[in-house]
Amino acid sequence: MTATAVSGQAPDLREPKGWRSTKNRIMTVLMVTSFVLVIIPLGFVLFTVIAKGASIISWQFLTGSPIPPNVLPAGIGGMWPAILGTIEITALATVMAVPLGILGAIYLNEYGGKGWLAALIGFMSDVMTGVPSIVMGLFIFSIWVLHFGYSGLAGAFALGCLMLPVVIRSSYEMLRLVPDSLREGAYALGATKARVTVTVVLPAAIGGIVSGSLLAVARAAGETAPLLFTILTVTEANTNVFSGANTSLPSQIFSNASQPYTGAQDRGWGAALTLIVICFVLMIVARFVTARFTRYSR
Amino acid sequence: MEQPEQNVVTQTEPQTELPRAAALQDTRPSDVPDSPGASVFDAKNVSCYYGSFRAVTDVSLTIYQNEITAFIGPSGCGKTTVLRTLNRMNDLIPGAHVEGDVHYRGESLYAKDVSPIAVRRRIGMVFQKPNPFPKSIYDNVAYGPRINGQRNKGELDEIVEKSLRGAALWDEVKDRLKNSGLSLSGGQAQRLCIARTLAVEPDVVLMDEPCSALDPIATGAIEDLMREIKQRYTIVIVTHNMQQATRVSDRTAFYSVLRNEESDTRTGVLVEYGRTQQIFGDPQDTRTQAYVTGRMG
Numbered sequence: 001m002t003a004t005a006v007s008g009q010a011p012d013l014r015e016p017k018g019w020r021s022t023k024n025r026i027m028t029v030l031m032v033t034s035f036v037l038v039i040i041p042l043g044f045v046l047f048t049v050i051a052k053g054a055s056i057i058s059w060q061f062l063t064g065s066p067i068p069p070n071v072l073p074a075g076i077g078g079m080w081p082a083i084l085g086t087i088e089i090t091a092l093a094t095v096m097a098v099p100l101g102i103l104g105a106i107y108l109n110e111y112g113g114k115g116w117l118a119a120l121i122g123f124m125s126d127v128m129t130g131v132p133s134i135v136m137g138l139f140i141f142s143i144w145v146l147h148f149g150y151s152g153l154a155g156a157f158a159l160g161c162l163m164l165p166v167v168i169r170s171s172y173e174m175l176r177l178v179p180d181s182l183r184e185g186a187y188a189l190g191a192t193k194a195r196v197t198v199t200v201v202l203p204a205a206i207g208g209i210v211s212g213s214l215l216a217v218a219r220a221a222g223e224t225a226p227l228l229f230t231i232l233t234v235t236e237a238n239t240n241v242f243s244g245a246n247t248s249l250p251s252q253i254f255s256n257a258s259q260p261y262t263g264a265q266d267r268g269w270g271a272a273l274t275l276i277v278i279c280f281v282l283m284i285v286a287r288f289v290t291a292r293f294t295r296y297s298r
Numbered sequence: 001m002e003q004p005e006q007n008v009v010t011q012t013e014p015q016t017e018l019p020r021a022a023a024l025q026d027t028r029p030s031d032v033p034d035s036p037g038a039s040v041f042d043a044k045n046v047s048c049y050y051g052s053f054r055a056v057t058d059v060s061l062t063i064y065q066n067e068i069t070a071f072i073g074p075s076g077c078g079k080t081t082v083l084r085t086l087n088r089m090n091d092l093i094p095g096a097h098v099e100g101d102v103h104y105r106g107e108s109l110y111a112k113d114v115s116p117i118a119v120r121r122r123i124g125m126v127f128q129k130p131n132p133f134p135k136s137i138y139d140n141v142a143y144g145p146r147i148n149g150q151r152n153k154g155e156l157d158e159i160v161e162k163s164l165r166g167a168a169l170w171d172e173v174k175d176r177l178k179n180s181g182l183s184l185s186g187g188q189a190q191r192l193c194i195a196r197t198l199a200v201e202p203d204v205v206l207m208d209e210p211c212s213a214l215d216p217i218a219t220g221a222i223e224d225l226m227r228e229i230k231q232r233y234t235i236v237i238v239t240h241n242m243q244q245a246t247r248v249s250d251r252t253a254f255y256s257v258l259r260n261e262e263s264d265t266r267t268g269v270l271v272e273y274g275r276t277q278q279i280f281g282d283p284q285d286t287r288t289q290a291y292v293t294g295r296m297g
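Those sequence lines, one after another, are chains A and W. Each residue of the first sequence is one higher than the one before, starting from 1 at the first, in the numbering used here. Each residue of the second sequence is one higher than the one before, starting from 1 at the first, in the numbering used here.
Pulled out of the complex, with its shape left as it was, chain A reads as follows (with noise of 0.2 Å):
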């Protein structure tokens, strides 16, 4: 190339024909392609769901209860002891994994620096991530309803025990990502180490740790195997999260789906839609928060 223009020619600026262009299309078309194989199952799932679950749904349904017996057609009774049982579930499993996932997180990233400690915690944490919710479940089974029986808050400890691996890693992998000369910048002004973590890293880290945790939150919301052991599937609403059987809106798709008959099933198609709208609710939300923390970021 350089020859013609030392030759005084005027030089070749088109496109090298050849292998290039071709390589670009091909992996762009590879790539449209794994996107379109991506989305497909997506939105079957949303379209399935919504098509047979949409018509159950009507206020009767999301605040009715009891939940009626498989046999009794889908306008009786409603849902809402699933819904509460939900909700009452996971956000005591919230309140217990998030504030302790990140503070493991604080002390993986900001104290334990390469101490035994620090890699055990770390090492445990992904083995915990590792292992089955049934098992997670079973565990909660055997060391608490064993000896103090079912009740929601057996459900909020299996289910926390899930959440709180994946709250550590994504908030450590949050906090990894502030750069030290933030952290430089307040220790030159004279700040301890606890307030340039809480007053600089956290609030740089924040956006992040909220959308990991309301993820795992979310994630934690569908999972039905823990429960089946710790809160049994009950008919009636339970207030007290405390104490007593309670149920979720998974179980209750479980119990329902598995029925012959046809009330369940739409019961269970009902359940389904709700679950997936109160995930995505809390996506939305987790959007707008990141938003509302990071503001100062860009």
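FYI, nobody ran anything at the bench for these hints, they're computed from the structure. Any given hint might turn out to be false.
To be verified - Covered stretches of chain A (chain W as the covering partner; in silico rule of three or more C-beta atoms under 8 Å from a C-beta of chain W):
no.: 1; stretch: 15-27
no.: 2; stretch: 189-196
no.: 3; stretch: 259-271
Unchecked claim - The calculated DSS-like cross-link candidates involving lysine-lysine, where the alpha carbons are at most 30 Å apart (straight line), are:
no.: 4; chain 1: A; residue 1: Lys-193; chain 2: W; residue 2: Lys-112
no.: 5; chain 1: A; residue 1: Lys-193; chain 2: W; residue 2: Lys-178
no.: 6; chain 1: W; residue 1: Lys-162; chain 2: W; residue 2: Lys-112
no.: 7; chain 1: W; residue 1: Lys-153; chain 2: A; residue 2: Lys-193
no.: 8; chain 1: W; residue 1: Lys-153; chain 2: W; residue 2: Lys-135
no.: 9; chain 1: A; residue 1: Lys-193; chain 2: W; residue 2: Lys-135
no.: 10; chain 1: W; residue 1: Lys-162; chain 2: A; residue 2: Lys-114
no.: 11; chain 1: W; residue 1: Lys-112; chain 2: W; residue 2: Lys-44
no.: 12; chain 1: A; residue 1: Lys-23; chain 2: W; residue 2: Lys-129
no.: 13; chain 1: W; residue 1: Lys-162; chain 2: W; residue 2: Lys-129
no.: 14; chain 1: W; residue 1: Lys-112; chain 2: A; residue 2: Lys-114
no.: 15; chain 1: W; residue 1: Lys-112; chain 2: A; residue 2: Lys-17
We put the CB at the ideal spot given by N, CA and C, even for glycine.
Please arrange chain W on chain A, whose structure you already have, making use of the hints.
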């Protein structure tokens, strides 16, 4: 040893009565007296280590009040390391430690009962890369006073305005104090960081290549600023730019790298320290001469 009242002198009334300041008022580099006033830092045989690696060997120098002292030298010669030992920023790096004596206004900086927090409240630092917090411009400047317990809104407003004026940034940002500190340009962000440092009314301002990321106009603004604030503060600046050292500094310390052929290690040494005019005009050491004339480094 501690005289905080010296730091609260306002621009409108320079306290010429102060004995230490009086001798040094408005001194251009060529006017620096040979026997200056109070010494702020006294370093004796200071060596800095990162783990077992000795980054700097045997540095001894004295830094004087109300002067600008420049550290120059090639990359890797330990200028920044020495600067960071002066306010114990190196404590934050795992494995870093210091041997020898560093005295700040007569007190040993590395004595057991000295709190690095208290040290850094008196000895502020401006970094190479502007590092405004992801907070509003106002909150950036108010950060230091707030951690020192200042909660009064009116007082804070006053400190913020005074500090931003002191850093020659007030006119550019006074209408958007609520905007993010990250929305500023590089030069503005660096002046914001200077304002943030001035807001805690430190005794000394350490600057680690504060202009290396800035264009000549922003650099000029910050150099003007340094000349102005040295009447109230003592400034130590690390710079790669020799013209900058000659423009702003009263004294210059030239560092160089010493290679140990046997163990194949490098360590920084202080080659020559003196008045800027002398270092650049009449260097005593051949290495200094080679560096300042541009033949090396």
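Can you list which hints this structure breaks, lowest number first? 1, 3, 6, 10, 12 and 15
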